[in-house]
Amino acid sequence: MVERTAVLERRRSPLQRMARELETGSSANAALREVPFLAQIGLRVVADTPSAAALEAALSGPLPEGVGDVTGLPGDRHVLWLAPDEFLLITPDEADGGDDPVRITDELTAALGELPGQVVDLSANRTTLELRGPRAQEVLDKSCRLDLDPVAFPVGSALVTLLGTVGVVLWRVTPDTWRIMPRSSFATHTAQWLLDGMREFV
Amino acid sequence: MLMIECPHCGVRPEGEFTYGGQAHVPYPEDPQALTDEEWAQYLFYRDNPKGTFRERWVHSAGCRKWFNAIRDTRTYDITSTYLGAAPAEANSTQGAQ
Amino acid sequence: MTTAQGSGQRALPPHPSFLWRNPDPRNSYDVVIVGGGGHGLATAYYLAKVHGITNVAVLERGWLAGGNMARNTTIIRSNYLWDESAAIYEKSLKLWEGLEDELGYDIFFSQRGVLNLAHTLQDQRDSVRRVEANRLNGVDAEYISPEQVKEVCPIINISQDIRYPVMGATYQPRAGIAKHDWVAWGYARRASELGVDLIQNCEVTGFDMDGDRVVGVRTTRGNIKAGRVALAAAGHTSTLTELAGFRVPIQSHPLQALVSELHEMIHPTVVMSNHVHVYVSQAHKGELVMGAGVDSYNGYGQRGSFHVIEHQMSAAVELFPAFSRAHLLRTWGGIVDVTLDASPIMGLTPVDGMYVDCGWGTGGFKAVPGAGFAFAHTIANNEPHELNRPYSLERFVTGELIDEHGAAAVAH
Amino acid sequence: MGSPHRLASGGIVDRGTSRTFTIDGRSFEGVAGDTVTSAALANGVLQVGDSIYRGRPRGVMTSGVEEPNAFVRINGEYGESMQPATITELVDGSELTWEDGIGTLDQSVDPAEYDHMHVHTDVAVIGAGPAGLAAARAAAATGVRVMLFEQDFALGGSLLGRPNEVVEGIPAGAWIEDVTAQLEQAINCRILKRTSVFGSYDSNYLIALEKRVEAPGTDGVSRQRVWHINAGRVVLATGAFERTLVFAGNDLPGVMLASAAQNYLGRYGVLAGEQVVVFTTNDSAYGVAADLAAAGASVSLVDSRASAGVDDPASVDVHHGSVAVEAIGSDRVVGVRIAPRDGDIQQTQQLPCDLLAVSGGWSANVNLHSQRQGALHWDDDLLGFVPSGAVRDQSLAGSVTGTYWTDGAVAEGIAAGSAQPDPTTAQERRTGSGTTDGLWLIPSPAGDFDTHFVDLQRDETAAGVVRAVRAGMRSVEHVKRYTSISTGLDQGKIGGVLTIGLLSQLLGEHDMASMPAGQPGQDGAEGGATDRSPSPGAIGTTTFRAPFTPVAFAALAGRARGELYDPARVTPAQARHVARGAEFEDVGQWKRPWFYPQSGEDMNAAVARECRAARTNVAYMDGSTLGKIEIRGKDAPTFLNRIYTNAFAKLSVGKQRYGVMCGPDGMVLDDGVSFRLAEDRYLMTTTTGGAAKVLEWLEEWHQTEWPELDVFFTSVTEQWSTTVVAGPRSRDVIHKIAPDLDVSKEGFEFMSFHDTVLASGIPARIARVTFSGELAFEVNVSGWYGEAVWDDITHAGAEFGITPYGTETMHVLRAEKAFPIVGQDTDGTVTPQDLGMDWVVAKKKKDFIGMRSYARAGHVEEGRKQLVSLFPTDPELRLPEGSQLVTTDNTPADPLDGIAPQPIPMIGHVTSSYRSEALDRTFALALVRDGRTRIGEEVMASFEGRFYPVQIAEAVVYDKEGARRDG
Ligand SMILES: Cc1cc2nc3c(=O)[nH]c(=O)nc-3n(C[C@H](O)[C@H](O)[C@H](O)COP(=O)(O)OP(=O)(O)OC[C@H]3O[C@@H](n4cnc5c(N)ncnc54)[C@H](O)[C@@H]3O)c2cc1C
Ligand SMILES: NC(=O)c1ccc[n+]([C@@H]2O[C@H](COP(=O)([O-])OP(=O)(O)OC[C@H]3O[C@@H](n4cnc5c(N)ncnc54)[C@H](O)[C@@H]3O)[C@@H](O)[C@H]2O)c1
Ligand SMILES: Cc1cc2nc3c(=O)[nH]c(=O)nc-3n(C[C@H](O)[C@H](O)[C@H](O)COP(=O)(O)O)c2cc1C
Ligand SMILES: [Zn+2]
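So the sequences go chain by chain: F, H, L and B. 1 is the number of the first residue of the first sequence in this note's numbering; add one for each residue after it. 1 is the number of the first residue of the second sequence in this note's numbering; add one for each residue after it. 1 is the number of the first residue of the third sequence in this note's numbering; add one for each residue after it. 1 is the number of the first residue of the fourth sequence in this note's numbering; add one for each residue after it.
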């Protein structure tokens with residue numbers, strides 16, 4: 001048996017090799033970093049059905065109710081609303097005391113049992129970027145067509161949208177902190193695109 | 001950039017959507033029972049009205065859900081978007097068939 | 001001061017001082033053509049000229065040639081993939097080659113060549129396939145390297161550092177552009193001279209039938225009896241066929257184009273790239289003429305969404321660094337009639353005495369002479385010309401499509 | 001140097017801050033706050049570039065965006081042509097060239113950056129004249145988000161030229177400062193100067209261009225920025241353009257719009273002439289005359305009307321009922337001949353002057369209103385088109401509605417900003433603005449119209465319009481295109497209405513019925529079509545289009561340039577491919593390793609080596625780009641049965657099956673292998689390019705046609721990293737990395753898969769499937785471990801000489817086995833049967849997508865193109881992909897003789913072509929008409945004008961019996 005920690009050490013996140021670039025491109029105005037290895041579990045159940053109830057019981061909490069809703073904070077388990085029958089469960093990196101994605105997927109799959117729905121491990125399917133700073137919103141305004149004003153896009157809400165041409169989940173964690181989740185194959189491009197937009201603030 | 005109201009996500013820019021042509025054209029119950037002519041109608045013929053049109057969109061870069069819209073092809077005004085069957089008030093328009 | 005250009009050097013020659021009569025509609029014609037765009041006008045001309053049928057009216061709802069004819073990027077080429085397409089477009093190109101003489105009008109038909117760029121290996125395969133098919137069909141074409149592309153068009157960027165470098169191109173030297181309005185007016189003038197009535201401000205709003213046969217049209221300027229009725233209404237065709245009781249498989253979409261202000265000549269040819277959505281030439285006055293993509297939704301608004309225009313500019317500036325500070329001067333849109341196989345429909349219809357020519361979509365300007373020629377034949381003989389026989393409505397039933405889309409051929 | 005025409009005081013320029021510049025090599029000095037033309041005029045430079053076609057000398061005509069004459073090329077690191085000098089802010093050290101109405105593009109690479117910004121606002125106010133400022137102030141006071149856009153670098157609009165006018169009880173200059181200060185303090189208000197709103201689209205989507213910095217100091221700061229604005233409400237306060245009048249010589253340098261002369265004086269402290277004749281048809285120029293006189297010029301005023309609505313200005317010599325019939329001068333105006341408006345035109349009187357200030361009335365700046373199909377009507381008193389009412393969710397305020405007086409403009413601004421009803425009535429509008437004489441064409445004593453310019457930029461005169469009408473043109477749209485009027489950089493901002501007015505006069509005798517109007521949406525009713533002379537309203541305008549003012553292409557391109565033009569998608573092992581020196585191929589947005597050349601190798605050598613390794617030893621490739629979709633639900637089998645042409649319901653758990661999906665037209669859409677993970681779970685793979693399309697396809701059918709089916713789909717493309725290990729020694733490699741797995745032929749059947757934990761401790765799903773015909777395994781792991789497993793395979797395989805291979809080798813290997821590539825061997829006109837895959841088309845299913853189409857005539861008749869292989873007679877000849885095929889009896893006797901002149905019928909084309917290491921010769925795949933019945937036949941491949949004999953063969957050319965797949 002190989003030690004779990006040794007296995008975890010062999011993980012590579014999509015932007016690991018860009019860490020330096022992210023650092024040099026960051027400043028107090030706008031800073032970009034990757035938050036790697038979050039467990040992300042795709043949940044497909046229709047709200048207000050036994051399937052949803054089963055997952056809610058397993059998660060000991062309700063699924064988010066509508067567009068933009070997020071059930072918790074980055075440091076804990078939380079669920080994002082993606083569509084009326086699609087949610088994304090996110091928990092911290094296993095190496096930081098979070099969940100083993102495979103195990104949690106199995107647990108939730110078991111909870112769903114025979115009911116309609118789907119539980120899929122998507123941890124490696126996307127990565128998470130964090131953009132923070134007083135100019136962060138302006139950096140995003142350069143490529144996101146949504147209304148990012150705090151009134152329209154309040155803290156604690158997450159939307160599925162486009163950043164430039166790339167599909168992302170965009171989540172406002174604090175007034176000045178955003179999480180941006182592109183699919184992994186787009187991560188390099190997304191990071192380069194954001195860094196390009198940040199240059200004027202460095 | 002049209003602004004389109006996704007019934008699930010609210011108003012979003014056109015770039016997040018993909019167009020799906022005429023709405024309410026169901027896949028035939030039993031295609032094998034159709035004549036070539038009828039099958040061609042299903043495959044290739046769609047209404048193309050100048051005026052009110054009931055059409056489909058999918059919120060492809062959002063919730064990925066299909067929905068229908070009533071749009072005027074002259075003014076591009078979208079008067080409503082809806083899920084499922086067409087709302088009654090739209091029945092009189094020339095887009096309907 | 002920049003060097004004073006000798007007066008008039010850049011100016012185009014004047015139009016003829018008389019173009020067409022503006023008659024009131026008579027109450028009966030042998031042939032009524034609905035739609036005074038390029039296709040309608042050319043059809044009228046060939047009906048009169050080739051078939052001796054001169055008791056003809058062209059009914060136009062707005063101003064003559066004010067539809068897609070006024071809006072297209074004027075690219076003319078015949079290097080289409082399929083035999084049926086090559087045949088009709090090549091016929092058209094041959095007619096273009098004699099058109100200035102035939103019409104006695106300067107139409108600025110300029111055989112400056114068209115490049116269709118390839119940016120991927122699959123583009124390359126498709127390009128070679130098309131070029132080799134063209135050759136066997138007697139259409140001039142070659143596949144050339146990036147360096148040869150640069151020779152034909154020195155301002156193009158063939159560096160390998162861009163996201164989708166130029167890997168090669170198909171080149172049709174006989175292809176080119178012409179001045180759209182002048183073409184339409186050239187046909188209109190000759191048709192009017194031969195006795196055809198060009199009637200503007202006259203919208204067809206219905207048809208009079210005698211059983212299965214059409215016997216007249218209703219218009220905003222009164223009812224007109226017609227021996228035969230020919231529809232050449234491009235994006236509006238389905239609104240007309242609905243009135244006549246049958247359907248055509250077309251969808252009308254906005255297609256936009258744009259121009260820059262005038263610049264000294266810099267771009268000697270026509271460049272098209274499907275992969276990065278650019279097609280551009282420099283018109284005779286000096287403006288850069290550029291087409292955008294089709295807007296996805298149906299629309300009769302002669303306008304589209306701005307992001308469609310924006311999208312192609314990145315690619316354009318990348319391919320042509322010199323365009324960086326050319327200025328967008330004007331944008332506009334047309335209503336293009338798109339079929340599922342991206343090929344036109346021309347021939348008889350379920351209504352006796354009614355003929356249809358439509359579905360040219362984003363590429364029917366180049367077809368104006370050829371289509372007019374074949375359509376006139378179809379109307380005069382109540383039977384399709386060999387050139388348009390494959391373009392019948394029946395092909396949608398039999399499945400024998402001429403799929404210029406599927407075969408990844410290029411539009412326009 | 002000194003600036004002779006700059007007054008000692010007045011205006012909002014900063015006389016203390018000098019700006020030196022050159023035009024055509026001559027140096028001048030201006031001051032901060034100048035435009036190029038204000039500085040030029042201050043230095044007595046009146047003449048600009050020549051006219052485009054006739055080479056006539058021209059002068060500064062306006063002080064704004066409507067300028068038809070004064071264009072400069074700004075030289076420097078990168079030159080920019082065709083800048084209206086009237087709106088070009090003077091930059092210290094700039095080097096300028098006058099241009100003759102045509103630009104020259106710089107061929108070097110533009111070093112500047114451009115970007116885009118997307119914002120939302122509750123209220124967007126466009127224009128910061130009195131109406132716009134009042135509107136923004138009122139809107140901001142309601143607490144909503146406000147954005148104010150002004151194309152100029154100063155706020156105040158036309159008031160800047162009339163600093164002494166009283167607005168809300170204080171002088172205009174002070175009022176502007178006061179309102180600006182209030183707006184700057186409001187937290188919810190954002191002011192964008194130097195920002196022209198150039199496009200107005202559906203749903204109040206506005207596009208604007210901001211000119212930011214001329215010489216970028218900081219990296220990343222854009223020179224220009226395109227703003228995309230979603231506005232809840234739009235207030236158009238865009239003002240009006242003054243028109244000139246059409247008389248002989250009206251293009252001479254020194255002929256200037258009256259408002260421009262006033263603006264140069266009031267805003268820049270520049271007196272453009274000392275001896276001024278003001279020629280007007282309306283009241284607005286009376287104030288101009290007064291201001292010029294007060295500044296020390298000697299002023300005469302020529303008014304075509306017998307009387308005006310305002311008093312004659314003090315110390316101005318006024319000629320009522322007179323018109324200018326000719327401007328005199330060669331390089332610049334030195335005098336003007338005037339004559340009675342309604343009397344004998346030969347009875348002229350000459351007034352000397354160095355400036356002829358003209359006002360032919362005003363045209364409301366309705367461009368943005370009209371871009372949204374806002375209706376217009378002709379107002380006979382104002383002599384202009386004005387909006388018939390605002391577009392939904394928009395308001396109009398000030399001159400744009402024809403409210404040509406300040407109090408009215410401010411009142412409308414307040415109403416619009418606070419979303420109250422418009423307080424100004426049309427009646428008030430007229431009385432407030434006075435009436436304008438409808439004078440479209442002023443005959444010259446000489447009797448011709450050859451220098452009566454209508455569109456100065458396009459060098460077109462009244463004679464051109466007359467000619468167009470005589471040629472048969474009735475529509476203004478035809479006149480535009482016959483003459484090219486309104487097609488210049490100014491888009492007819494001045495000349496457009498002049499043409500329409502002229503046309504209404506010329507068309508007097510013609511039948512209205514045949515006269516197609518211009519832009520629809522205008523209520524021509526008001527145009528008084530009862531008399532036979534069509535009013536301008538019945539003629540209509542030409543269509544207003546975006547952009548309102550020109551925009552550099554690069555600004556529209558924004559940041560999506562270079563590598564950022566389009567995302568390049570990469571896999572987890574990307575760094576390894578780069579390190580191995582891979583050449584990449586673009587497949588969709590993916591960068592895929594194409595081949596891995598070793599030093600000195602060209603592509604052919606590298607591919608040959610990679611092929612040999614896979615066929616004789618072991619090779620590995622990154623297969624992660626394949627699309628992957630996880631499917632779950634009790635109806636998943638039913639669903640897949642409908643989607644795929646073949647049966648999926650009966651596939652056993654733990655097994656995989658190849659499937660083809662088609663469109664309803666029966667044509668191949670995509671293909672791939674699907675895994676049955678459980679009774680209710682599948683993992684579908686798709687082609688690299690087809691992944692997104694296929695997921696959308698599944699969702700569409702499920703959501704719109706079969707929502708009753710219990711099935712869900714989730715894309716897992718990037719969740720899994722896939723490494724393909726292929727070749728006779730692949731079993732050994734897999735055994736090393738997955739020791740827990742029975743990899744024997746019996747223990748691990750073809751088309752089965754197993755979940756396991758690798759020696760590394762990494763969980764994996766290993767499948768036995770082949771796209772090369774060789775024994776092969778696919779190792780799927782979480783994307784987090786993609787690189788690690790690639791490395792482990794590299795190490796494990798080292799002792800067997802494992803070789804990485806790219807897409808090219810993959811293509812060769814699969815072609816030898818006639819596995820088609822969708823998109824390369826198919827083109828949207830190909831069915832599974834055409835590909836020789838009858839076996840994949842179920843016969844017993846009731847229906848699947850595409851089934852019905854196979855019964856159509858075009859599918860049952862002979863003559864369909866079928867996939868076969870080709871062997872060139874010359875075994876070294878590699879046919880170009882795309883080569884066409886013809887029969888031998890259709891080719892010239894000598895095949896190298898070149899193409900015959902007549903069209904030669906084609907029977908098919910080469911879709912794939914390679915050199916086969918295994919066969920030691922070349923071969924190709926082709927789609928050939930009735931290909932399967934032609935096997936053994938010799939045909940000709942045609943390329944580059946030559947014909948080469950090839951033999952048609954069965955599609956599979958290597959290991960027909962499939963002996964190799966078990967190793
Ligand atoms: C932006 C753009 C770029 C293009 N670029 C190219 C190109 O580069 N090369 C190329 O070959 N093609 C191009 N095309 C396509 C080409 O313009 C069209 O295919 C072609 O013009 C269509 O034929 P037409 O000229 O007869 O159509 P139109 O000019 O549209 O003529 C149809 C006429 O019918 C009239 N009409 C409609 N309904 C009625 C009615 N009920 N009663 C009376 N009259 C009626 C319309 O008013 C119109 O004038 C382009 C099109 C667009 C919009
Ligand atoms: N006496 C007359 O006959 C007469 C005639 C016309 C105007 N006027 C005077 O003009 C004033 C009218 O005030 P107003 O506020 O309506 O107009 P204005 O001309 O003072 O201001 C309009 C402003 O809008 C800006 N603008 C126009 N289009 C724009 C765009 N697309 N993007 C960004 N900015 C744009 C212009 O640069 C200008 O600053 C009044 O003071 C009135 O007395 C008088
Ligand atoms: C080939 C071509 C060249 C054009 N050149 C110009 C031009 O130089 N200036 C201009 O203002 N418009 C130009 N136009 C556009 C026309 O002004 C006009 O926008 C077009 O005919 C569509 O009509 P509409 O905008 O009135 O609807 C050109 C159009 C075409 C098709
Ligand atoms: Zn949605």
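The set of hints was computed from the structure by calculation and includes no laboratory data. Watch out, some of these pointers could steer you wrong.
A partial selection of chain F residues facing chain B, derived with a Cβ cut-off under 10 Å [as the list claims (entries may be wrong)]:
hint, residue
1, Glu3
2, Thr71
3, Asn125
4, Thr190
5, Arg199
Ideal placement from N, C-alpha and C gives every residue a C-beta, glycine not left out.
Okay, the hints, checked on the actual structure:
The closest approach between the C-beta of Glu3 of chain F and any C-beta of chain B is roughly 7 Å, which is under the 10 Å cut-off, so the hint is satisfied. For Thr71 of chain F, the interface hint is violated, the least distance from its beta-carbon to any beta-carbon of chain B being 20 Å, above 10 Å. Below 10 Å, beta-carbon pairs count as interface contacts, and Asn125 of chain F has one with chain B at about 4 Å; its hint therefore holds. Annotation: Thr190 of chain F was flagged as interfacial toward chain B, and the flag holds, the nearest CB pair being 8 Å apart, inside 10 Å.
Here the hint on Arg199 of chain F is kept, as its CB sits about 3 Å from the closest CB of chain B, short of 10 Å.
Going down the numbered hints, you'll see the structure goes against just number 2.
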